[in-house]
Amino acid sequence: DAGVIQSPRHEVTEMGQEVTLRCKPISGHNSLFWYRQTMMRGLELLIYFNNNVPIDDSGMPEDRFSAKMPNASFSTLKIQPSEPRDSAVYFCASRKQGGGGSSGEQYFGPGTRLTVT
Amino acid sequence: DAKTTQPTSMDCAEGRAANLPCNHSTISGNEYVYWYRQIHSQGPQYIIHGLKNNETNEMASLIITEDRKSSTLILPHATLRDTAVYYCIVRGPGNQFYFGTGTSLTVIP
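Those protein sequences? They're chains A and B, same order as listed.
Numbering follows my numbering, in which position 66 of the first sequence is assigned residue number 66; successive positions increment by one, without gaps.
Numbering follows my numbering, in which position 40 of the second sequence is assigned residue number 40; successive positions increment by one, without gaps.
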């Protein structure tokens, strides 16, 4: 099992540029999560999908952030335009949500380290 | 979801048991206790979870008090590779994880 795959692993861009982060969840998992981690705010949930449908995007900081999941094996998180305060590590996680019980644990990818100058 | 309280940092001697406490006094009946850890620069890693009973797997043991208001994660024989930030999370079925600040565990040679 390849685990959750994220690309790129590192991204350096200038303020105002568009940034697209990509995630491939574990095959068979039907929930996908995007998190952001900074020293100041820790690990924050941005948005999550169930069966490719966005369920809760209340953690998305601004309209500059958008996320899509066109199919079960791919998701993107886009920032347009990017700002220096968006610099963080962005994690994608997936989960196989079953019926009842604890609904399964989340498996995290290695993260994308974004630096906006 | 219930809020959790963890010590900011702890040390443990290599080879000894590491006992990491977590308070979740407002936990409700259907909320599970999850533990994750994050080794520097990596994504969080699932360790264990439980509802009422104590649980054990190849990584750790989880001890939940009878009133469920607190729990302890036990790493039976800590190694240097167990140095990480450990997060205690309480969530109900279908609800999502909200990570707090966690406990920074340092295993000392």
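Hints are computed from structural coordinates only; laboratory data are not their basis.
Some hints here could point you the wrong way.
Unchecked claim - Looking from chain B toward chain A, a few residues come up when the C-beta cut is under 10 Å (computed): (1) Asn53; (2) Ser70; (3) Pro109.
Unchecked claim - If you anchor each label on the Cβ, the simulated ranges turn out as follows: (4) Pro76(B) x Met39(A): 30 to 40 Å; (5) Arg64(A) x Ile108(B): 39 to 49 Å; (6) Thr38(A) x Arg16(B): 29 to 39 Å; (7) Ser66(A) x Ala13(B): 24 to 34 Å; (8) Met39(A) x Gln45(B): 11 to 21 Å; (9) Ser41(B) x Lys78(A): 35 to 45 Å; (10) Thr20(A) x Asp11(B): 18 to 28 Å; (11) Thr65(B) x Ser27(A): 30 to 40 Å; (12) Asn50(A) x Thr65(B): 28 to 38 Å; (13) Glu18(A) x Gly100(B): 44 to 54 Å; (14) Leu51(B) x Glu18(A): 41 to 51 Å.
Unchecked claim - Computed far set for chain A versus chain B, every beta-carbon distance over 10 Å: (15) Glu11; (16) His29; (17) Phe74; (18) Pro110.
All C-beta atoms, glycine included, are put in the ideal place defined by N, C-alpha and C.
These are the hints, each one checked on the structure:
Evaluation of the Asn53(B) hint against chain A yields a violated restraint, the C-beta minimum of about 13 Å exceeding 10 Å. For Ser70(B), the interface hint is violated, since its Cβ never comes within 10 Å of a Cβ in chain A; the closest pair sits about 19 Å apart. For the restraint placing Pro109(B) at the interface with chain A, the shortest Cβ-Cβ distance is roughly 27 Å, beyond the 10 Å limit, so the hint is violated. Take Pro76(B) and Met39(A): their Cβ atoms lie about 31 Å apart, and the range 30 to 40 Å holds.
The hinted window of 39 to 49 Å between Arg64(A) and Ile108(B) holds, with their beta carbons roughly 44 Å apart. Range check, Thr38(A) to Arg16(B): Cβ separation about 33 Å, and the 29 to 39 Å hint holds. About 48 Å separates the C-beta atoms of Ser66(A) and Ala13(B), a value inconsistent with the hinted range of 24 to 34 Å. Checking the proposed 11 to 21 Å range against Met39(A) and Gln45(B) shows it holds: the Cβ atoms sit about 20 Å from each other.
About 24 Å separates the C-beta atoms of Ser41(B) and Lys78(A), a value inconsistent with the hinted range of 35 to 45 Å. Between Thr20(A) and Asp11(B) the C-beta distance comes to about 42 Å, which lies outside the given range of 18 to 28 Å. Taking the beta carbon of each, Thr65(B) and Ser27(A) are about 38 Å apart, inside 30 to 40 Å as hinted. In this structure the hint that Asn50(A) and Thr65(B) lie 28 to 38 Å apart at CB holds, the actual value being about 33 Å.
Range check, Glu18(A) to Gly100(B): about 32 Å between beta-carbon atoms, so the 44 to 54 Å window is missed. In this structure the hint that Leu51(B) and Glu18(A) lie 41 to 51 Å apart at CB holds, the actual value being about 44 Å. Even its closest Cβ contact with chain B, about 15 Å, leaves Glu11(A) beyond 10 Å, as expected for a residue assigned away from the interface. Once the 10 Å rule is applied to beta carbons, His29(A) is consistent with being away from chain B; the minimum gap is 13 Å.
For Phe74(A), the condition that its CB be more than 10 Å from all CB atoms of chain B holds, with the nearest at approximately 18 Å. Listed as a non-interface residue, Pro110(A) fails to keep its Cβ farther than 10 Å from every Cβ of chain B; the least gap is roughly 6 Å.
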